[in-house]
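Engineer: Next come the chains, spelled out residue by residue.
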Amino acid sequence: MAEHCAVIGIGQTKHRESRRDLSIPGLVRDAAIRALQDADMTWKDIDSIVIGTAPDMFEGVMMPELWLADALGAAGKPIFRVHTAGSVGGSTAVVASHLVQGGVHEKVLTLAFEKQSEANAMWALSPAIPFQPQLVAGAGGYFAPLIRSYIRRSDAHRDTGCMVAVKDRQHGLLNPNAHLHLDQTLEQVKASPMLWDPIRYSETCPSSDGAVAMVLVSDKHANRVKNPAWVKGTSVRTERTFFAGRDQVNPAAGKLCAKDVYDEAGITNPVKEIDCAEVYVPFSWFEPMWLENLGFAEEGEGWKMTMEGKTKIGGEMPLNMSGGVMCTNPIGASGMLRFAEAARQVRGTAEQHQVDGAKVALGHAYGGGSQFFAVWIVSSER
Amino acid sequence: MRDVAIVSFSQLPSVKAIDAADEPELVQPVTSDAMKQIGLTQDDIGFTCSGSTDYLPGRPFSFVAAVDGLKACPPIRESHVEMDGAFALYEAWVRLMHGDIDTALVFSFGKSSLGPVPAILNLQNDPYYVQPLGLDAISAAALQAQAMIDARKATERDFAAVVARNRKNAIDNPNAQIKGDFSVDEMLDEPYISSPLRRSFCPPLSDSAAAIVLAAGDRAKELVKRPAWIRGIDHRTEPHALGQRDLTTSQSAKLAAEKAGVGRNKIDVAELHAPFAHQELILKEAMGLGNEVNVNPSGGALAANSLMTAGLIRFGEAANRVLSGDADRAVAHTTNGVCLQHNLVAVLEGE
Numbered sequence: 001m002a003e004h005c006a007v008i009g010i011g012q013t014k015h016r017e018s019r020r021d022l023s024i025p026g027l028v029r030d031a032a033i034r035a036l037q038d039a040d041m042t043w044k045d046i047d048s049i050v051i052g053t054a055p056d057m058f059e060g061v062m063m064p065e066l067w068l069a070d071a072l073g074a075a076g077k078p079i080f081r082v083h084t085a086g087s088v089g090g091s092t093a094v095v096a097s098h099l100v101q102g103g104v105h106e107k108v109l110t111l112a113f114e115k116q117s118e119a120n121a122m123w124a125l126s127p128a129i130p131f132q133p134q135l136v137a138g139a140g141g142y143f144a145p146l147i148r149s150y151i152r153r154s155d156a157h158r159d160t161g162c163m164v165a166v167k168d169r170q171h172g173l174l175n176p177n178a179h180l181h182l183d184q185t186l187e188q189v190k191a192s193p194m195l196w197d198p199i200r201y202s203e204t205c206p207s208s209d210g211a212v213a214m215v216l217v218s219d220k221h222a223n224r225v226k227n228p229a230w231v232k233g234t235s236v237r238t239e240r241t242f243f244a245g246r247d248q249v250n251p252a253a254g255k256l257c258a259k260d261v262y263d264e265a266g267i268t269n270p271v272k273e274i275d276c277a278e279v280y281v282p283f284s285w286f287e288p289m290w291l292e293n294l295g296f297a298e299e300g301e302g303w304k305m306t307m308e309g310k311t312k313i314g315g316e317m318p319l320n321m322s323g324g325v326m327c328t329n330p331i332g333a334s335g336m337l338r339f340a341e342a343a344r345q346v347r348g349t350a351e352q353h354q355v356d357g358a359k360v361a362l363g364h365a366y367g368g369g370s371q372f373f374a375v376w377i378v379s380s381e382r
Numbered sequence: 001m002r003d004v005a006i007v008s009f010s011q012l013p014s015v016k017a018i019d020a021a022d023e024p025e026l027v028q029p030v031t032s033d034a035m036k037q038i039g040l041t042q043d044d045i046g047f048t049c050s051g052s053t054d055y056l057p058g059r060p061f062s063f064v065a066a067v068d069g070l071k072a073c074p075p076i077r078e079s080h081v082e083m084d085g086a087f088a089l090y091e092a093w094v095r096l097m098h099g100d101i102d103t104a105l106v107f108s109f110g111k112s113s114l115g116p117v118p119a120i121l122n123l124q125n126d127p128y129y130v131q132p133l134g135l136d137a138i139s140a141a142a143l144q145a146q147a148m149i150d151a152r153k154a155t156e157r158d159f160a161a162v163v164a165r166n167r168k169n170a171i172d173n174p175n176a177q178i179k180g181d182f183s184v185d186e187m188l189d190e191p192y193i194s195s196p197l198r199r200s201f202c203p204p205l206s207d208s209a210a211a212i213v214l215a216a217g218d219r220a221k222e223l224v225k226r227p228a229w230i231r232g233i234d235h236r237t238e239p240h241a242l243g244q245r246d247l248t249t250s251q252s253a254k255l256a257a258e259k260a261g262v263g264r265n266k267i268d269v270a271e272l273h274a275p276f277a278h279q280e281l282i283l284k285e286a287m288g289l290g291n292e293v294n295v296n297p298s299g300g301a302l303a304a305n306s307l308m309t310a311g312l313i314r315f316g317e318a319a320n321r322v323l324s325g326d327a328d329r330a331v332a333h334t335t336n337g338v339c340l341q342h343n344l345v346a347v348l349e350g351e
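Protein chains in written order, with my numbering: chain A, 1 to 382; chain B, 1 to 351.
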């Protein structure tokens, strides 16, 4: 690696069910300007732009980076589009970090967005594909059997998912940018309607409008701010949809992705050495599943960390301090929000949802039917 | 920066329709052939990256299915761009700069036969103000061609001459779709599709898939005698709205070519991704390529035009001429967007 890479600017929109006050270009520009201001930069300072979003069919714009080039000040510059399903926000940030680490560009703006109020995700995710049964159930219907399998294998306490929902929504109350601000009790979550057993309504993520942007720079520009977040490890891993022995509850690609970043960042004991993590949890039960997949808990033990309150702010392994995907889900941006919120923690700029003294944080995203993973580790120290 | 080279290339012949082939069936033959040519398997590959668009098959996540054409167990380091495969090659090149891995597999696939491509490409336009007008790809290109005529930069006869040369070149290319001796005068007698574009001035629509293997430094030298070294590679975009650009030139291609170092030395061969005849003229001028440069010996996109793959094939064709020793210095190019909005240029060298 030729260069160190630091995050020196982070910006995000206020995420809402519908940002009718902003067009799609307005949405991405809002996040980008906030990131530039945070980095004490202007459009002129940016060498290159890397953008990610979920399937083009959501908003009905093919290759939207072409259209959004103007809003992002990209004329005369490289603008690059990444698409790796739900993990795209993470993968996009990884590509941006590699442009800096590889010495290709020194100052890169990366961003991700989704405007679900102008999109139809349920339609776009439920096409009739020849020779395959039409899956009209959306993501919840796909993931519910995996969660049931997790519960059977680990004999998890049945309240685990509801506990995650309560915890993430409590965290979301601390985050003014979050879409949902819900002060819910365990009883209220448990009383919400069952959608896809065991996933209740209150255990699902919302559909949000939102965008997030980061400015990534090389060593010599990092001193523009007093608190850069240094990128210590990155990885993207993919496994096939179909192969004998595939374990979708604890996917090999996720485990390998975590191993890659721990190796690169020199981490041997994740729970001890990582202060907090922003993990892609679109349905509550994925918290314990990813705790195990990322090596924060032994297999079958993740749910105990949740039930013991260890994943709350102030706990041993705080997870999704921002409220996570459970509070905010602009799909294409959800992964980058995890990466950006991890960077905010180590920069000490997470305001009310700051983990005291956080120095090392992990950002995680996954996508598809758990085939695609992206992870990074950021640190306050170079 | 690390030295990175193209060390192998494989493609499916570009044809009007590859019937009854799904993503894995498109991807598996070209990726395995590209690796087999140099004695590699997926286990030897450090990073894999693909380019495709969901709008050709009309389904989300078509690239997810494509991964099943690879040996991705154990899980691989992999990424995807919703762009031509040549941009996947760019991401792989960036990844190799990181220094921890030495090889990358790049592939792309596209079946243009599955839908009305010119109309689908209207979806690249501004959805609020332009998409409702139904500005299909041929009509947009016709505006650009007419702008060239109005600026007295070219005539319809010039457009026809470009087509005749490309399709004559394609005679020697077994993977091309339209080839042969086409008379300029006969082309000028064709009715207009969208004035001033006649049928022959427009590209065919093709189905195809392609794959390239990249290798860094000594690893490239171990794999082939004469790697096609990527000496410069850069991409640039322009304002989106057609009215904000001078359509008779390409500022983005000019800038990308400068950054890639095209003008630093003599160019033997250029493979330009110019789907419409007049676009070749624009690109040649923008990149400073004179008449001594052998442009599109493969026949280019006027002879075979599989969306999402045509750009990666340009890189493969240019690399093959360097790998074989026929050329010492070659340009490879791809474009994306309406009327050449976004351009990627690379310079490949033999030694």
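A couple of the hints might just be wrong.
[Claimed, not checked] Below, a sample of chain B positions facing chain A; criterion: calculated Cβ distance under 8 Å:
| id | residue |
| --- | --- |
| 1 | Pro60 |
| 2 | Arg236 |
| 3 | Asn336 |
[Claimed, not checked] Subject to a maximum C-alpha distance of 20 Å in a straight line, what follows is the list of computed SDA-like cross-link-like pairs (lysine to any residue):
| id | chain 1 | residue 1 | chain 2 | residue 2 |
| --- | --- | --- | --- | --- |
| 4 | A | Lys255 | B | Lys71 |
| 5 | B | Lys259 | A | Gly103 |
| 6 | A | Lys14 | A | His4 |
| 7 | B | Lys254 | A | Phe243 |
| 8 | A | Lys220 | A | Gln37 |
[As the list claims (entries may be wrong)] DEER-style ranges, computed between Cβ atoms:
| id | chain 1 | residue 1 | chain 2 | residue 2 | range |
| --- | --- | --- | --- | --- | --- |
| 9 | A | Arg158 | B | Gln37 | 54 to 60 Å |
| 10 | A | Glu17 | B | Asp158 | 50 to 56 Å |
| 11 | A | Trp43 | B | Asp100 | 52 to 58 Å |
| 12 | B | Lys168 | A | Ser18 | 55 to 61 Å |
| 13 | B | Gly99 | A | Phe242 | 32 to 38 Å |
| 14 | A | Phe242 | B | Asp44 | 20 to 26 Å |
| 15 | B | Lys71 | A | Ala191 | 45 to 51 Å |
| 16 | B | Asp44 | A | Ser117 | 45 to 51 Å |
To be clear, the hints were calculated from the coordinates, so they are not data collected in a lab.
Ideal Cβ positions, reconstructed from N, Cα and C, are used throughout, including at glycine.
Engineer: Does Asn336 of chain B pass the interface check with chain A, least Cβ-Cβ distance below 8 Å?
Structural biologist: Given a least distance of 7 Å, the restraint on Asn336 of chain B holds.
Engineer: Quick check: does the Cβ-Cβ distance between Lys71 of chain B and Ala191 of chain A fall within 45 to 51 Å?
Structural biologist: Once the Cβ atoms are compared, 48 Å apart, the range 45 to 51 Å for Ala191 of chain A and Lys71 of chain B holds.
Engineer: Assuming the hint says 50 to 56 Å, is it satisfied by the Cβ distance from Glu17 of chain A to Asp158 of chain B or not?
Structural biologist: 54 Å, holds
Engineer: Assess, step by step, whether the Cα of Lys255 of chain A is no farther than 20 Å from the Cα of Lys71 of chain B, and give holds or violated.
Structural biologist: The hint holds at about 18 Å.
Engineer: Against chain A, is Pro60 of chain B within 8 Å by beta-carbon distance?
Structural biologist: Holds, about 4 Å.
Engineer: Within 20 Å, alpha carbon to alpha carbon, are Lys14 of chain A and His4 of chain A?
Structural biologist: 31 Å, violated
Engineer: Just to be sure I understand the hint, the distance between the Cβ atoms of Trp43 of chain A and Asp100 of chain B should be within 52 to 58 Å; is that true here?
Structural biologist: The hinted range 52 to 58 Å is violated for Trp43 of chain A and Asp100 of chain B, with Cβ atoms some 33 Å apart.
Engineer: Holds or violated: Lys259 of chain B with Gly103 of chain A, Cα cutoff 20 Å?
Structural biologist: Holds: Lys259 of chain B and Gly103 of chain A sit about 15 Å apart, inside 20 Å.
Engineer: Lys220 of chain A and Gln37 of chain A were given as a pair; does the straight-line alpha-carbon distance stay at or below 20 Å?
Structural biologist: Judged against 20 Å, a Cα distance of about 19 Å means the pair holds.
Engineer: Please test the hint of 54 to 60 Å on the beta carbon pair from Arg158 of chain A and Gln37 of chain B.
Structural biologist: 55 Å, holds
Engineer: Please check whether Gly99 of chain B and Phe242 of chain A have a Cβ separation lying inside 32 to 38 Å.
Structural biologist: Taking Cβ atoms as reference, Gly99 of chain B and Phe242 of chain A lie about 34 Å apart, which means the hint holds.
Engineer: Any CB of chain A closer than 8 Å to the CB of Arg236 of chain B?
Structural biologist: 6 Å, holds
The structure fails hints 6, 7, 11 (numbered hints given earlier, in ascending order).
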